[in-house]
Amino acid sequence: MPTRRARIPATKYPVERFALDNGLRVVLTPDRSAPVIGVAVVYDVGIRSEPEGRTGFAHLFEHLMFQGSENLEKLAHFRHVQGAGGTFNGSTHLDYTDYFETLPSNALERALFLEADRMRGPRLTEENLRNQVDVVKEEIRVNVLNRPYGGFPWLTLPPVMFDTFPNAHDGYGSFDDLESATVADAADFFRRYYASGNAVLAVSGDIDVAEATALIERHFGDVPARPAPERPDFTEPDLTTERRSTYTDALAPLPAVAGAWRVPDPVTDFAGYLPYVVLAEVLTDGDASRLVERLVQRDRTVTGVGGYLGFMGDPFDVRDPTALLLQAHLPPGGDVDKVLRTVDEELDRLATDGLVEGELARTQARMATHLLRDTDAVLGRALRMAVLEQQRGEPGLLNDLPRLVGAVTEDQVRAAAATLRPERRASVEVVAGGAQ
Amino acid sequence: MTATTVRPLPALGPNRRLTVPKQAERTLGNGLTVIAVRRPAVPLVEVRLWMPFGRTHLARGAMLAQTMLAGTEAHSATEIAAELQKVGGGLSAGLDPDRLMLSGASLVTGLDRMLELLAEVLTGASYPGDWVATERDRLVDHIQVAQSQPSHLARTALLKRIYGRHPYAVQTPEPDQVRAVRPAALRKLHAERVHPAGAVLVLVGDVRPERALDAAEAALAGWRGDGHVAELPPAPPLEPGPLLLIDRPGSVQSSLRLALPAVPRTHPDHAALQLANLIFGGYFSSRWVENIREDKGYTYGPHSLVEHSVAGSVLVAGAEVATEVTAPALLETSYELGRLATVPPKPDELEQARQYALGTLQLGMSTQAGLASLTSAYAGNGLRLDFLTEHAARLAAATVDDVAEVAARYLAPAHAVTVVLGDAARIADSLAALTPVHREDA
Chain A
1 MPTRRARIPA TKYPVERFAL DNGLRVVLTP DRSAPVIGVA VVYDVGIRSE
51 PEGRTGFAHL FEHLMFQGSE NLEKLAHFRH VQGAGGTFNG STHLDYTDYF
101 ETLPSNALER ALFLEADRMR GPRLTEENLR NQVDVVKEEI RVNVLNRPYG
151 GFPWLTLPPV MFDTFPNAHD GYGSFDDLES ATVADAADFF RRYYASGNAV
201 LAVSGDIDVA EATALIERHF GDVPARPAPE RPDFTEPDLT TERRSTYTDA
251 LAPLPAVAGA WRVPDPVTDF AGYLPYVVLA EVLTDGDASR LVERLVQRDR
301 TVTGVGGYLG FMGDPFDVRD PTALLLQAHL PPGGDVDKVL RTVDEELDRL
351 ATDGLVEGEL ARTQARMATH LLRDTDAVLG RALRMAVLEQ QRGEPGLLND
401 LPRLVGAVTE DQVRAAAATL RPERRASVEV VAGGAQ
Chain B
1 MTATTVRPLP ALGPNRRLTV PKQAERTLGN GLTVIAVRRP AVPLVEVRLW
51 MPFGRTHLAR GAMLAQTMLA GTEAHSATEI AAELQKVGGG LSAGLDPDRL
101 MLSGASLVTG LDRMLELLAE VLTGASYPGD WVATERDRLV DHIQVAQSQP
151 SHLARTALLK RIYGRHPYAV QTPEPDQVRA VRPAALRKLH AERVHPAGAV
201 LVLVGDVRPE RALDAAEAAL AGWRGDGHVA ELPPAPPLEP GPLLLIDRPG
251 SVQSSLRLAL PAVPRTHPDH AALQLANLIF GGYFSSRWVE NIREDKGYTY
301 GPHSLVEHSV AGSVLVAGAE VATEVTAPAL LETSYELGRL ATVPPKPDEL
351 EQARQYALGT LQLGMSTQAG LASLTSAYAG NGLRLDFLTE HAARLAAATV
401 DDVAEVAARY LAPAHAVTVV LGDAARIADS LAALTPVHRE DA
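Line order of the protein sequences matches chains A and B.
Residue numbers for the first sequence follow UniProt numbering, so the first one is 1 and each next one is one higher.
Residue numbers for the second sequence follow UniProt numbering, so the first one is 1 and each next one is one higher.
Keep in mind that the hints were calculated from the coordinates and are not lab data.
Since this is a predicted model, take the numbers as computed values, not measurements.
Heads up, a few of these hints could be off.
[What the hints assert, rightly or not] Quick list of in silico lysine to any residue cross-link-like pairs, SDA-like style, CA-CA up to 20 Å:
| id | chain 1 | residue 1 | chain 2 | residue 2 |
| --- | --- | --- | --- | --- |
| 1 | B | K346 | A | L75 |
| 2 | A | K74 | A | G90 |
| 3 | A | K12 | B | T134 |
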């Protein structure tokens, strides 16, 4: 049944792509509406690529990339970005590591210089390595060990769902592995993965394309050419029987649960993957969504529920294998089995009875708003385009996403729901150990 | 060092002048101020409604925010959410000791519909019993989870220590107080306090400002009621004393919090104090971060910030540090505060902080959401966006002497109120070697 739907608007950010002789791929997306720029450098290496015995290394290495480089002392990177009025950060994902700045546009050349300098070579010293191992340990304490629900579910669900080291291990890393990391390990990691041919540079915002192109050639052109390493196949077979795991969180006052199902390959089967992205929102986006209405309001079996694609909530920045996740927090004494059973029931109902009038269109309208809002920030645009270039060679897909999301049909969403069977599900339950 | 050539750092291009975007303002007959700002980057519009809400019963206020969107005569909560979704929109309510805030965004084509729904909630929120009961339980659970977070516990202890008997002292209700809230109390509170007088609605996005004002007037002119004014007393001055140590047995980190005096945005010292704060610990390239993170590896993310509230401002510095280095981290913190309060900063340090402050003003204005939040925060304190231009001029003009002077006045460690949450059995003795300690349980 066709329903009247809000017209899904699109952005028309222009996209210029080219590659330097050393293999560095570049994406430029000019927009002169505010005097700011976003600069992102994305390397095609993440948690899945770190070697056995080196859990947490990709993230530790991200820290080392800020510790000085060929022409820059320790601390200089921070000072030069912030001293130009900008902000910076980096983050480590399953399939990539990014480094980025947002700056007033008069700092474009400076930002390019800083990124090129560390692409040529970070200063990997014993002192900086030991210092950043300490800092990372504090990061893990603050985000995982000293707080309730630390690492739930992104660190605790993958080992239930997956069997191979790349997909199942703790991406933050064990203290033992972190402490035994050496400068030689870091140098090797850099040589292997931080090649110009394994990176994408994206610049967005208040730039002139010709001028930016010339500056990029000036600063990155003589970064020594190194080819991208071959990316291993991280594929694992789908689950055929349900997997459950339980652990006690000594600090958590209330129970929680997360479940996940494998989904089609986000890159090679994008058309098959998109309905799952929409399904997650149909299930959990706001008070009018299926699972909020059922679990939170009607049954009162959970106090909050969320659903998303990718263990780090990155539906368009992740490769296969990945999953649709649902996570819920329960009231005191809550019954996790009952919650999972109800989820199965609601998925069945969706697969069998379909959506109600207007349900899909309104969900798609809101998804479009979220996508547009994320790209309103110049940095959001640069980062997304860099990863889309890296994983798909298609940065302009960012402009098309609201429309493509809007084109997903009810039949596709129903079919996606029908695949989320209990026997394909992995779940992890947090037992409250901190009840008062 | 493997470099064969030393490459010079490129100079910055000329600074772009701060330009404040086009805006319009109107005060409606009912006392509501509406400010509309044009930023057409994406086809969306951001909405912020700031309502003065000081001195509200804590649990009832929190429950009001939790259930304000839970239904009206015409629509259930689910229907309100669905209607907003249809235009790509959503609304949420939040409370702090100064204000009740409704925030949201939608496709710009949905502005009229979102304003209609906003008006419906403001004039007709019904607080249905079953919803209130569900949300009451949820809020209790959320509070319980918050109370297991070290950052929340440390903040709670700090506020109590700073504000004493002032309404700012306690900002989270106890579960029992929440359990006692009934729908009738929420309807009464809504009738008494959710009024247009003194409220400010901000609309930012792909709109023509005058047209957005007309839309707001059409939707909200019927929102009536006299504002019950509850003036907050000025926040009390900080009273330094012994370090307050809150015991959290088994903690693998300690939460360090320091409060120092600060001034409102309009005070002549504000710009210089903002710069002094940056130099101390307000950004990554600060002395404190370089010392306790990048040199000593004691912590992941130390940060200091001037917090502005209607009844007063305060500078809060916070860091989560490894248990075994709690006292050394405090020592370094006092050292950096004392050094800045007694020795003028280097000119290049000040320039770096100044550029950061000016640059982040530009960045903050470069998205619809950032601009909406900034406009709303300013308006809540009686300011308009043109204040940005004045503030930028003051930041540009502050001298080393100005910054040294405010650092001595506000940042001296002798003025600090200090709270540490952690495993007292492991940290009390070494903290006591630095300063008198008063100990309490979490």
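Against the structure, the hints:
Straight-line distance between C-alpha atoms of K346 (chain B) and L75 (chain A) comes to about 17 Å, which keeps the hinted pair within the 20 Å bound. Between the alpha carbons of K74 (chain A) and G90 (chain A) the distance comes to roughly 16 Å, so the proposed pair stays at or under 20 Å and holds. For the hint linking K12 (chain A) to T134 (chain B), the alpha-carbon distance of about 44 Å lies beyond 20 Å, and the restraint is violated.
Taken one by one, the earlier hints fail for this structure only at number 3.
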